[in-house]
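A.B. asks: Numbering (our numbering) for the sequence shown: 1 to 166.
For the record, the hints were derived by calculation from the structure and aren't laboratory data. By construction, the Cβ of each residue, glycine as well, lies at the ideal position given by its N, Cα and C atoms. There is no bait here: all hints are sound.
Keeping only pairs whose Cα atoms sit at most 27 angstroms apart, straight-line, the calculated BS3-like set for lysine-lysine is:
hint, residue 1, residue 2
1, K4, K102
2, K15, K33
3, K29, K11
4, K145, K118
5, K11, K118
6, K22, K11
7, K130, K107
8, K102, K142
9, K4, K142
10, K118, K87
11, K145, K11
12, K33, K22
13, K107, K4
14, K33, K130
15, K107, K145
Derived DEER-like restraints, expressed as beta-carbon distance ranges:
hint, residue 1, residue 2, range
16, K142, K29, 39 to 47 angstroms
17, K87, E112, 16 to 24 angstroms
18, D27, K142, 38 to 46 angstroms
19, E112, K29, 35 to 43 angstroms
20, S104, E20, 34 to 42 angstroms
21, D85, T31, 32 to 40 angstroms
22, P165, S104, 25 to 33 angstroms
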Amino acid sequence: MELKEIQNLIKFVAKSGASEVKLEMDDIKITIKTTSDEKETTFVQQIPMGGMQGQMQAPQQQMQQAAPAQEAPAATQDAPAADDDSKYITVKSPIIGTFYRKPSPDKPVFAEVGDTIKEGDVVCIIEAMKLFNEIESEVSGKIVKCLVDEASPVEFDQPLFLVDPS
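Work the whole structure out from these sequences, hints included.
C.D. replies: So, in structure tokens, the structure goes:
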């Protein structure tokens with residue numbers, strides 16, 4: 001099971017309003033718990049060595065068929081915050097974790113304000129449960145503003161960057 005599939009599963013559970021979902025297969029166990037008070041989603045997974053991708057595709061497809069209207073582009077949406085920001089697109093966090101702009105302390109940032117990015121470019125890393133998840137841009141354009149400080153905690157769907165698509 002790939003990271004994107006786990007992220008999609010977390011998004012699906014968060015949007016569905018379920019408080020807890022358990023998925024158990026031969027070699028994999030995933031428990032997703034959500035709390036409506038704090039709107040946090042936590043997950044635990046146990047995957048032994050070996051490929052599990054083929055076994056996970058059937059349940060993933062069933063979930064996508066069950067709620068196709070709920071799926072939306074997770075990391076992009078028009079920014080409604082201010083009038084001057086209305087022309088920008090917001091890149092949002094697809095998961096809960098700790099935000100990092102660099103792959104390591106001695107490396108340069110993935111994307112600096114003023115840089116032009118393409119769809120699929122890595123713009124930051126979010127650490128969740130000791131896993132470092134590269135966050136890719138789903139839009140092309142110029143980064144106008146970084147909305148999160150280095151090593152800050154981020155929530156699901158929290159705005160990370162403003163991008164000028166022109």
